[in-house]
Amino acid sequence: MTALSILHLLPTPPMEMTEGKVYFHGKDLGLLSETEWQGLRGPQIGMVFQEPTSSLNPVIPVGDQITEVLRTHTHLSDGEINSKIVSLLGEVGLPDPPRIMRQYPHQLSGGMCQRVMIAMAVACGPALLIADEPTTALDVTVQTQILDLLFRMTEEHRLSVLFITHNLKIVRGHADRVAILYLGLVVEEGAPDAIFDHPQHPYTEGLLAALPEVSQKGKDLFNITGTVPTPYEALHGCAFANRCPRVEERCRLENPKLDELTKGHKARCFYPSKR
Amino acid sequence: MLLSVQKITKQFSVQRSLLGRPTAFVKAVDGVSIDVGAGEIVGVVGESGCGKSTLGRCAIGLYEPTEGAVFWDGLDIQKISEAKKKSIRRKFQMVFQNPYASLNPRQKIGDILREPLEVHGLLESSKRSGFVKELLDQVGLSKEDVDKYPHEFSGGQRQRIGLARAMACQPDLIVLDEPVSSLDVSVQASVLNLLSHMNRHRGIAYLFISHDLQVVGYLSQRLLVMYLGQVVEAGGTDEVLGNPRHPYTKVLLAASEGKGVKIEGEPPNPAQAPSGCPFHPRCAFAEERCRKERQPLLGNENGRKVACWKWDQL
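Protein sequences appear in the order of chains A and B.
The opening position of the first sequence corresponds to residue 58 in my numbering, with each subsequent residue numbered one higher.
The opening position of the second sequence corresponds to residue 2 in my numbering, with each subsequent residue numbered one higher.
Calculated directly from the structure, the hints in this document are not laboratory data.
C-beta atoms are modelled at their ideal positions from N, C-alpha and C, and glycine is treated no differently.
Hints are all accurate, no fakes.
Not the full set, but computed from the structure, chain A residues with beta-carbon under 8 angstroms of chain B:
id: 1; residue: Val199
id: 2; residue: Gln200
id: 3; residue: Thr201
id: 4; residue: Gly230
id: 5; residue: Glu270
id: 6; residue: Phe279
id: 7; residue: Ile281
Calculated cross-link-like contacts (lysine-lysine; reagent style DSS-like; alpha-carbon spacing at most 27 angstroms):
id: 8; chain 1: B; residue 1: Lys263; chain 2: A; residue 2: Lys226
id: 9; chain 1: B; residue 1: Lys144; chain 2: B; residue 2: Lys92
id: 10; chain 1: A; residue 1: Lys276; chain 2: B; residue 2: Lys251
id: 11; chain 1: B; residue 1: Lys8; chain 2: B; residue 2: Lys80
id: 12; chain 1: A; residue 1: Lys226; chain 2: B; residue 2: Lys251
id: 13; chain 1: B; residue 1: Lys260; chain 2: A; residue 2: Lys274
id: 14; chain 1: B; residue 1: Lys311; chain 2: B; residue 2: Lys251
id: 15; chain 1: B; residue 1: Lys260; chain 2: A; residue 2: Lys226
id: 16; chain 1: B; residue 1: Lys109; chain 2: B; residue 2: Lys134
Simulated restraints on C-beta separations:
id: 17; chain 1: B; residue 1: Ile81; chain 2: A; residue 2: Gln107; range: 43 to 51 angstroms
id: 18; chain 1: B; residue 1: Asp313; chain 2: A; residue 2: Pro115; range: 44 to 52 angstroms
id: 19; chain 1: B; residue 1: Pro23; chain 2: A; residue 2: Pro155; range: 32 to 40 angstroms
id: 20; chain 1: B; residue 1: Glu116; chain 2: A; residue 2: Ala184; range: 55 to 63 angstroms
id: 21; chain 1: B; residue 1: Glu125; chain 2: A; residue 2: Pro115; range: 51 to 59 angstroms
id: 22; chain 1: A; residue 1: Pro115; chain 2: B; residue 2: Pro275; range: 26 to 34 angstroms
id: 23; chain 1: B; residue 1: Ala102; chain 2: A; residue 2: Leu66; range: 24 to 32 angstroms
id: 24; chain 1: B; residue 1: Met2; chain 2: A; residue 2: Glu125; range: 53 to 61 angstroms
id: 25; chain 1: B; residue 1: Gly243; chain 2: A; residue 2: His163; range: 37 to 45 angstroms
Given only the sequences and the hints, what does the whole structure look like? Please build it.
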């Protein structure tokens, strides 16, 4: 949802970004016209979605879908576009690009479609890539390949990445900074090592302790009690209060702020862990 | 042995001739054997399309294997009478992957849980309602939930209902097909805890099927790693994960720990299985022999098995 609102992709109405601002290269994106948005999405910010097979158009060959992006945003000739696509598809590790270009999404596997999506996202040389659960729908071995590819591409193209995932392990290996979201709020933010080794917010602690691992065999897993309140419920105080093991009276009344505890490490909690 | 699956093969026809005769087959499971003893948890791991769900469905009698046999309590389920099968069937239950699709949306929870009791004629009808409430309590739901419909529950709660339904018949074994893969991390932990309690306190055995090696490793005492319908490695969980011998197991383990691993290609389509060892096109150590013939599953006396020509060199 955060990613979609950054990119101005929320269907309005019913949804609307009601408060706050998004800056990109110092420019307030809230002031952009629809045409200016067109110049931003694609050439400057690329996006990779969760379900590769359903985010591609099923009735258009994948080559034509990349062509559309390049034709909209660049002034390349047809011949140049063609050779650019061949080199892009090669770069994302697809065998025989001229053949792949003519194929429809259903003829490709999930992993291959995600490679096409990545090629499309970097086609116009953006500065920022937003990847929304890009490997969630894929098998583990394919998942590692796509992650490798994604992070190799970001290094080679000098891209910044906003990587959205529920998989904590991926985050630790690849991110420079991590923000943990709960019910629409950042509850903790910092360097991955700080967050994983010294989590401060009880929600982060719970998430980490709940991961099943072979080494935990025979022990009960930590279990965050209760369920996530629906966004419709009116909340007083801390959003996590109803599930928190450290909850105090104050948490149910006041809303904690995102405080900086140590340099670069912030948590939204009145009683962060003392470690 | 409570459950014994012996060298089963399951073929599906993927193409038919004009007259409806099958002309092309895909082997979803290819010569797999597996035993589950009373109170034991045996895990099956593999990627999508490796045949692990088909194996589970054959084991529980939902599919009839093309070759091989399935034994429940030592009885061949294809040879015994339907009446006899029904009486044993009570002891062998299943929980399905998708908790949104495996509960009838028009049935109340109480009716969903009462049905297996009626089918198997368990308990006097006057005692059933009380028992159903007890079941709900055991899986961590409220007794008032009997009058609710499935849509009123979250995914984790529905999976608990699925488990309660399987528990209703007081089974000896439950086949769990990816029971936690559609759940959030924190909900997943609570369902795994529940499963582990049921096993410890009631001695229910599980055949636990999952793509997640960490989940399987956490819960199971023994495990099988499957690739393209075949077992590539099997043994005690601690030995297999502590010292994996098959290159595919090594890759799966590293990937599940979030480590970067080098592996090429994607799981092949079972309809076009490669020659020789099914893993050779993606294996970093493949040599000429691997392309031509497959190493049969070799085992030692501890039940440790591996299907790789180079298992002692890697």
